[in-house]
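Engineer: Using the hints, build the complex out of the two chains.
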Amino acid sequence: MRRLSLQRRMVAASAVLALVVGGVFIALILALSDMHEARAQEARSKQATASAFALQSLVLDIERNLRGYVFSGQREFLPTYERSVRQLPKSLDDFEAVTRSEPRQGEQVQFLTDSIRLYEDEYAGPVLNLAKDRRLGAARDAAKQEGAFRINQIQNGFKKFHRAEADLTKNRQRSADAKATHAIELGVAGLALSSALILLFGFYLARSIARPVREAAEGATELAAGDLSRRLSQSGPGEIGELTTAFNRMAESLQRAHEELEEQNRQLRDSERLKSDLVNTVSHELRTPLSGVLGFTKLLLTREFDSETRRHYLGIVDAQARRLSDLINDFLDVRKIEEGRFERARELVDVGVLLRDEATLYSLQSQDHELALAVPQTPLPVLGNPDRLRQVIGNLFSNAIKYSPHGGRVEVTAEMQGGAVRVEVHDDGIGIPAAQQSQIFTKFFRAEAAASGIPGTGLGLAVSRDIVESHGGQIGFVSTEGEGTTFFIELPGADGASDQRQGNPADRPKERTTR
Amino acid sequence: MEDRKTILICDDEPALRELIRASLEDGYFFAEASDGLTALELAREVEPDVVILDLMLPRLGGLEVLARLRADEHLGDIPVLVITAWNETREDVLAAGAAEFTSKPFDPDALKASIERLLEAA
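Taken in sequence, the protein lines are chains A and B.
For the first sequence, position 109 matches number 109 in our numbering, and the numbering has no gaps at all.
For the second sequence, position 70 matches number 70 in our numbering, and the numbering has no gaps at all.
Quick caveat, the hints were computed from the structure, so don't treat them as lab data.
Hints are supplied without guarantee of correctness; some may be wrong.
To be verified - Straight-line C-alpha distance at most 27 Å; calculated DSSO-like pairs for lysine-lysine:
1. B:Lys112 to A:Lys298
2. B:Lys5 to A:Lys298
3. A:Lys160 to A:Lys275
4. A:Lys90 to A:Lys46
5. A:Lys160 to A:Lys170
Stated by the list, open to error - With beta-carbon atoms standing in for the labels, derived distance ranges:
6. B:Glu116 to A:Arg409: 41 to 47 Å
7. B:His74 to A:Arg273: 52 to 58 Å
8. B:Ala67 to A:Glu252: 49 to 55 Å
9. A:Glu218 to B:Asn87: 54 to 60 Å
10. A:Gly472 to B:Arg21: 46 to 52 Å
11. B:Ala122 to A:Arg409: 29 to 35 Å
12. A:Arg409 to B:Ala121: 15 to 21 Å
Claimed, not checked - From chain B, some residues computed to sit far from chain A (all C-beta separations above 10 Å):
13. Phe29
14. Arg44
15. Arg68
16. Arg117
Remember, predicted model here, so these are calculated numbers, not experimental data.
Ideal placement from N, C-alpha and C gives every residue a C-beta, glycine not left out.
Just chain B, with the same shape it has in the complex (with noise of 0.2 Å):
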């Protein structure tokens, strides 16, 4: 049980947020923010292993807390899943350091596979 790994989900929509949950299944520490600020606050505080992003958050946009967290010393190496319905903003994305950009509609077990293999990475 101490191996489990935290994963901090992003995004102001309840069902997604609970659609991402139930894609990776159990075995995940989940934290779950609804806006940009409440996601940087939590990744402060869990400091999570995978960070699965929206853009399009209230209060502090999706690129915002990409950017903040890369340049936070603490935070800056933990791998990041952009997943938004903005499929144009992919360069951005990934110039912007994420490790991987996934579109809505999502595959669940596409997704589930991305982050095993950001969290084998790491």
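Looking at chain A on its own, in the form it has when it is part of the complex (with noise of 0.2 Å):
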């Protein structure tokens, strides 16, 4: 019922409707006929009991000019009863014709016309003759008890036929009445069922057409001044249905589109005070380092040293250079993963070689830790670019140190395992916040390092996560805050990779040339 569509159900409802209506005139109009038959039937009624009495009085005219004639012997009623002689067949076909449609009186009717036939051929005509012939008194004998009786069995007839004629027309009569008060009754019926009828459709029709388009005008105002959860009760029968299911469908994609729409704009305004932070925070990673090669070159320019302080002193802003140097080299490569270009250059790189030279230089960053290095002295083969994956490896001893502000031990080993070489720095520091652990890749994103103090571009692991899967490798790490945290990176072996790279011409020549 509900999937019907309300084109059909109008349709449906206004079929019934005109069945209904239909109806009712067919059997107004069987109810009018009914009543008209019965008014003709009491017209015919009336016609029979006429062309009695007519037929009566002539029989009577026809019996009292006979007797006159007999008994009188006065031939001036010979004209009057031949005359009525003559007009008795007439008459007598009249009455058959009249009462023909009423075979109740049949009966009765056959009766009285073999009576009148009889009483015209057996007794009227013989006693005429008689008459004629001046056989007066035989003529006298027949019409007193012949003529009497016969007159007297007519009479009978026609009583009774009388009677039954007015019973039948007082119940037809009432027949007739009956079937117009019927025939009212059932036009009054059938109007208010009609009525009705009109009157629910149209019920119908405002419940289920007018109510939900209005809903769906108030509800598509509500969601033109920005009410995007506004939604319409799923109500209504077949288009009626469909368009507040349409309606409900528009409203749901532009509240999605809405929050798809303000997501992104969050995001924007997030990366744009990321942005900000960055600059705020190149500007002062770059000062400090600055500032010990401008002091100590001014230093330097403006106050003698022993040549011992002096190459001491120049060490440092070497090193403070350098720090510079790579600073710009991490924001450079910020520019390059957002714009989706690494070096792709693929080299075969011994990891332990790269570990150990790493380790070599970190360690005399921090007097306060030790790094200690677990890695076999036999080559961990990978294909790639040394320099990023070095610069993964420094970034990974950078954190270790940087978030163990305490000192202590820094432990990386590094093996084959399946087939991939992978590497493990571990270290007892401050530990990464659960609730931090998922934006750790996040570019410009520092925990809550920046509030600490702990200097850093927020792009270190960003950038390192990059080179690593660039390298078909993952980056990933294991953490509990206050206790420490273990980074892990695996990387294809080289025997693998190669393997796979054998159809690659462009990197055949530079494998050789390294082998």
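Structural biologist: What follows is the structure in structure tokens.
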């Protein structure tokens, strides 16, 4: 029922209405025709009565004139008698014709017409002939006995006929009245039913169309005013139901699009904020090594030092200048990440060598930390860009040192594991709060480091992840706040990688030269 | 030798601590801290004549160190020279009770002059 379209429902309702109205009209016409028939029968009944009276008076005329002639012998009775006798067959035919449609009187009519014909044939005619032959005595006897008997019989017959006819007429009148009343009642009932149906139909239309349409209009207005959570109640048959469903779907996608836009907006704002934070961070981060470079240079230029001190200061200037250079490279890497271009130079690289090189470099940076390397002497070959991989390892070492501010041991392990080179860098530092672990690789995100004063750009891990992933590897960590962090990287081993890259001629000469 | 002044240097960057020392030349006792908490402990221990304080410090930020120094009844009068790369914090730093604000990069001679001025005033 719910799936029936509104159009079909309206057509069906109209059809029902038409059927009811049609039925009422047919019933009304039938009732009227019944009534008409009853009236016609009534009229015929009256006709029959009139015809019977006419026949009766004709027969009585005949008898009266016959008797007049028989008993008086005067001839003046004859013309009237003969005129009446001439009229008799026609009158009989009339009577029969009029009463033919009334089978209940058939027997009586038959009896009357037979009696009248017999009266005329067997009595009136012979008696008149007797009288004309001047045998008046015989004629008078016959008239007195047989005539009286026959006439009496005929009169009784007519009496019966009239009584029956009167009853019939009364019945017919009653039936005609009943039918008229019936027709009126039927008409009124039909009219009432049709009106009720029309009202119901109108009510249904209003309820199932007007109300949902009004609700849809109100909903659209509210939607336009900005209330994107507005939905229509899922009601209404057929097309109306489709309308509300379509409306709700539209509102749904509007709301979704709006939320997506707001989310994008928020991300844009966040990224703007992060960028402006970065500008601050960059300027601050650059100023610290710059202070070292400028300050020591000024001292060296304006004051006298012994050669050992001079050499020491120049060493600091060199280290700070290198740090400046590294920072600038980091920022440039971020640009490259954002533009999606990283050099994909592929050489055969021994990760073990990289680890030992970087460990030497970073162990010089902090007297408070010990870098403990557990790296096999056998090569750990991967295909990749040695400078970039060195950058990743340096970043992990630097983080391990920076985020264990009280000093301690940084443990580095490396091994071949299922065709991949796995490196782990473990520290006993401050760890990463659980709430911030999911954001650790986000560009410019710096955990609580910024607040606690640990320097950094918030770029190192984002850059590292990009480098590792561009080498087909993965980077991850396990960390407990307050206990320490273990970062790991896994890079595909070079044997498998070189097999896979057999078909790429651009890579092959490079592999050979590094072997 | 008895009138040697004590200077507490708080900076997380060893190179800059060394630069500050070199700028001020000999003639001072230097105490050095690389984080805020150590700086406060050292300050209570050595009761320095002047404090040179960076703002971006691990464990306890420079502004908080400054506030605690100011609130301490023994250390509240020690002049503090804040030296930072965050130039826009000058107003806050001075409002928090710093005697001097020096931005990074700084001139070694100007720093020397500032410290001498602070010590004379004290």
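Engineer: Which of the stated hints cannot be reconciled with the structure, identified by number in ascending sequence?
Structural biologist: Structure breaks hints 3, 7, 11 and 12.
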